[in-house]
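*Asks:* Listed in order, the protein sequences are those of chains A and B.
Going by my numbering, the first residue of the first sequence is number 81, and it counts up by one from there.
Going by my numbering, the first residue of the second sequence is number 725, and it counts up by one from there.
I should point out that these hints are in silico values taken from the structure, not numbers from a laboratory.
Think of the CB as a built atom: it goes at the ideal place given N, C-alpha and C, for glycine as much as any other residue.
Treat each hint with caution, since some may be false.
[Said to hold, decoys possible] Restraint-style ranges between C-beta atoms, simulated for each label pair:
id, chain 1, residue 1, chain 2, residue 2, range
1, B, R895, A, P87, 29 to 35 Å
2, A, N107, B, H925, 45 to 51 Å
3, A, W99, B, K787, 52 to 58 Å
4, A, W99, B, Y778, 47 to 53 Å
5, A, L202, B, A824, 24 to 30 Å
6, B, A956, A, F116, 46 to 52 Å
7, B, R869, A, Q90, 43 to 49 Å
This is what each chain is made of:
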Amino acid sequence: MTDLIIPGTQSVPDVLGDWQAGILAMNGDSYPENAFSLFDQIIKWVEKYLAADSRALSLELRLIYLNTSSVRAMMDIFDLLETAAAGGRRVAVNWYFDSANERVGELAAEFKEDYTFPFHILPVD
Amino acid sequence: MIEQPSSFDDRIESLLRDAQYLDHPLRKALAQLWAQDRERLERLERISLIADGYHRIAIDGAKSINQRYNQHLRRLEKAVRISDGYQQMMRELCAKLEAAAHTDQLTGLANRRLAFKRLGEEAKRTNRHHQPLALALLDIDHFKRVNDRFGHYTGDEVLVSFAQAIRNGLREYDLCARWGGEEFLILLPNTAAAAAVAVLHRLQEHIRALPLAPKGQTLSMTASIGIAMYRAGEDISDTISRADDALIAAKRRGRDCCVSA
């Protein structure tokens, strides 16, 4: 219905919510001055998408650095997915990271624990 | 023997029903007492039931608050743990960048930036403790010929061998930096002029004996060195400038020698 487009900056990730494709992509670093206003839009989009119909949702993440507020907000988004998955919805996270920076993959793994929906951490050369 | 409550109840009820006691003066009183007792018992049961209900609500409430609290605590701990991880990642990155900013990529020696930082620090220390500080500029003789003859890739390899030889020929606390193309800056803290000359002569011998064999051809290299002693209170760039003049003098004198400013 509506796509979500947030152009990235040095401190804000590129965000593209593709309603038709059922994909929410986030690329870059996230340490925005106002994390609430950034993630509020994203969380609302996810909630709207999950409430609208029963199509699958896939998060395609290429996030590198996250500050504390962004970590919390991402956990909120993953919680929404977990709840949706418990209700039978098909949801998934694909978190891509540069294989030269293992740390990013390790931190993605820390996010992953506790969640039961498909959460893939994928190294990219 | 104590009668069972139910059989006692049955007995009272059958006494009250019994026709022969119908006119008994105590029968009415017993009937009243019995009714009152029933009523009280019923009220007591209702009160316990309500009290138990409230108790249960309170327990359930406390349980759910406790549960939610623990859930929040777990989430918070997770967020903190992940956040610490990101902070650690930034610190590591920062350290890497700092090292990269201070290192000459080819030779792994200190670069000009770090050299200037150390020069400033050593000059200050020298002024404070009145210890001698020697500074030398070393230039590989006819390095251009190596590049011309063997190509830049081999030239770079020779530079790396040179850098290693210089580093190995110095003491732990001496500084060796790549100053320019084939020029190196050497800083010898707490070293008097005579001792500095001795160290650098030895270094020149090392360099002459350096087993260089680019593309299978034996190559013998030499270096010219200009030495200057730091003068208390002077700007370190003046010391560098005098060392540079001494280096030019060494080149003019026919190379492969040390000249002191």
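*Asks:* Are the hints correct? Go through all of them and say.
*Replies:* Hints, verified against the model:
As the Cβ distance of B/R895 to A/P87 is approximately 55 Å, the hint placing it in 29 to 35 Å is violated. Between A/N107 and B/H925 the C-beta distance comes to about 59 Å, which lies outside the given range of 45 to 51 Å. Between A/W99 and B/K787 the Cβ separation comes to about 41 Å, which falls outside the hinted range of 52 to 58 Å. Taking 47 to 53 Å as the suggested C-beta distance range, the pair A/W99 and B/Y778 conforms, at roughly 50 Å.
For the hinted restraint 24 to 30 Å between A/L202 and B/A824, the CB-CB distance of approximately 28 Å keeps it satisfied. For the hinted restraint 46 to 52 Å between B/A956 and A/F116, the CB-CB distance of approximately 58 Å leaves it violated. Take B/R869 and A/Q90: their Cβ atoms lie about 48 Å apart, and the range 43 to 49 Å holds.
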